[in-house]
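Student: In order, the protein sequences belong to chains A and B. Residue numbers for the first sequence follow my numbering, beginning at 1139 and rising by one. Residue numbers for the second sequence follow my numbering, beginning at 20 and rising by one.
A hint or two may mislead.
Unchecked claim - Computed from the model, here is a short list of chain B residues facing chain A with C-beta under 10 Å:
(1) Ala44
(2) Glu63
(3) Val67
(4) Val71
(5) Val135
(6) Val139
(7) Leu143
(8) Glu214
(9) Asp216
(10) Pro230
(11) Ile245
(12) Tyr274
(13) Thr287
If you are wondering where the hints come from, they were derived from the structure by calculation, not from laboratory data. Remember, it's a predicted structure, so these values are computed and weren't measured experimentally. Just so it is clear, CB atoms sit at the ideal spot from N, CA and C, and this is done for glycine as well.
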Amino acid sequence: MTRAAGLGRDPGDIGAASPSSTGTTTGTTTGAGTSTGAGPQRPASSGGKPPRRRTARGRAARGRTSRGPSAPATDRGFLSDFDWRRPHVRWTMRGAHSLLLIGLVVGCVGPMLWLTKAAISTTQDTLRAPMELWPSGVDWDNLSTAWNQAEISTYFANTVWVALGSWFFQLLVATTGGYVLAVLRPAYARVITGAVLATLFLPGVIVLVPLFLTVLDLPLLNVSLLNTYWAVWLPAGANAFNVLLVKRFMDSLPGDVFEAARMDGAGPLRMLWSVALPMSKPVLGVVSIFAVLNAWKDFLWPLIVLPEPTMQPLSVRLPIIRDTVELDVFLAALLISMALPIAIFLVFQRLFLRNAGLGGAVKG
Amino acid sequence: MSATIRWVRHGGLSTLLLLLPLLLAFGYFGWYPIGRAVVMSFQETNLVTEPVWVGLDNFRSVLADPLFWTSVRNTAYFTVLALLFGYPIPLVLAVLMSEVRRYKGLFSALAYLPVVVPPVVAVLLWRVFYDASSSGVFNTILGWFGLGPFPWIQDASSAMPSLVLQATWSNAGATVIIYLAALTSVRTELYDAAEVDGAGVWGKIWNVTLPQLRGILLITLILQVIATFQIFTEPYLMTGGGPNNATTTVLLQIYDYAFRFGDYGAATALSLLLALFLAVMSAVYFRLTRSWSTT
């Protein structure tokens, strides 16, 4: 369950991810000579430094300024160049790395390759000889059967719809909220920031049931969101981590730019749209990717608020499909459900690995 | 009155309007439910009649439930196993990977790949792997080495370790990436210093690398404990709490109270107890480890 565990694990992500996330910050705003008052959360290293791809490494490099620019191993780890020249160290490390690579390929990619294989095998083959390659031929029909007969197409579309809406509301709340708290800074901004921060530190499990009852009967409005996508979209907006991430990014934008825009007669909304948002593209990219991916992963919350089968996303539907279709079709359905997140990861790999602490983190 | 007009002129109103999405989202779906959780745990709520104030009854019935201690024990067992499997593996991987000189990106991408697989897909796939017959995927592979067949999730004693194995596979990659990022900020002049003092490879890892990761190691430890205490998807989809309640966790209990029995009071009471426990544990942990931490 992404929600509950997500809230529980987020606080440390700030600590864990800050070197890398500020890396994005410095990468774009550097050189601009930040003159906005440094907020308390603003890292000391984010002003006026030359652009670096990764601050974490950059910081390490700065720590070594005593070394001349011609110093040999700027990227050294616990092994020195001398160590690397010793044959037994070199061969041990090479051996260890080869084993590691094999282990990672078998352990991490292996299950997915098996799934790909099994998705186009017959049920009999998968049950009798799961590790053999198509003893009775390739069965491509599984994929179309899953897509059409098992109605994976419907649930796939539902998932896309859930993800798009969650993405929109997360972005709406995070950008407007972050902008007000970081740039406009009304007198009550500190209180609001504190209250947003507080939700980050409470284990998500507390709100599960009360949140469900709130969605059943929204206070003041007296409407029920049950069996509507609003029930997934709107709570997704209340993501403290996104707000604080965007706020911190906008904290480090140069204040002169906003001052200039104000002089030219831009109102707050215009400043958000034409100045703050275009300058915040990197952080909005990070928020967007993880918003879509987390919506794709989410299970418990849509299970609770979308009891209507025709509206459910893949994650909720797959366990039920498991009992109603044949194994080969079910495995094809699993493969289809996994394809998009993996494709997104492969395309945006660098973004993920630089900001991994934000979305994935230490669950389990 | 004039104060209000000045406030509007100076953009106070438009500021507030821009803040509205945040206030509404957090008001409805953040702050309000948190407050309501506390109130609800002292009430009997069944959605039909008005909630009735029942004092500590919810807490009493939750604590008296014979499954309470079972689920607490199981959750603690899951957490301990997850620490044994899941805590050292990412660290060893990250330390090894930090010395990779070429294709480092490939290594980290491979390690991170399982993290992007949606948990439901991962759990259901592993459920197929755990097929207890001798022609199950894992049993076939182990059969090549003359091992097994093992019952995996069919047996009460091996069900929980099986869940932990899957959860570790799914999540270790994210921690590896965190450690890798932390490793790049290790102050490398200390390695030079250690070498001058004649330290070997192990000496450098033990005396320079690990101490500098201390801060992040302490944080990932407590975060992992907090997250594993809220484990739900794995037992719910893999074993449904069975066999014989061997994998019923606290969150599964909360889910059952609320969404199977409609006892929302008991569900929130148990949630609150869990949250309180986690808060107290984190506070004690941070107090105890304050002097070790570097951050």
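Student: Each hint: holds or not?
Tutor: Verification of the supplied hints:
no., hint, in the structure
1, Ala44, "holds, 4 Å"
2, Glu63, "violated, 13 Å"
3, Val67, "violated, 12 Å"
4, Val71, "violated, 15 Å"
5, Val135, "holds, 4 Å"
6, Val139, "holds, 4 Å"
7, Leu143, "holds, 6 Å"
8, Glu214, "holds, 6 Å"
9, Asp216, "violated, 13 Å"
10, Pro230, "violated, 12 Å"
11, Ile245, "holds, 5 Å"
12, Tyr274, "holds, 8 Å"
13, Thr287, "holds, 5 Å"
The structure fails to meet hints 2, 3, 4, 9, 10 from the earlier list, while all remaining hints are met.
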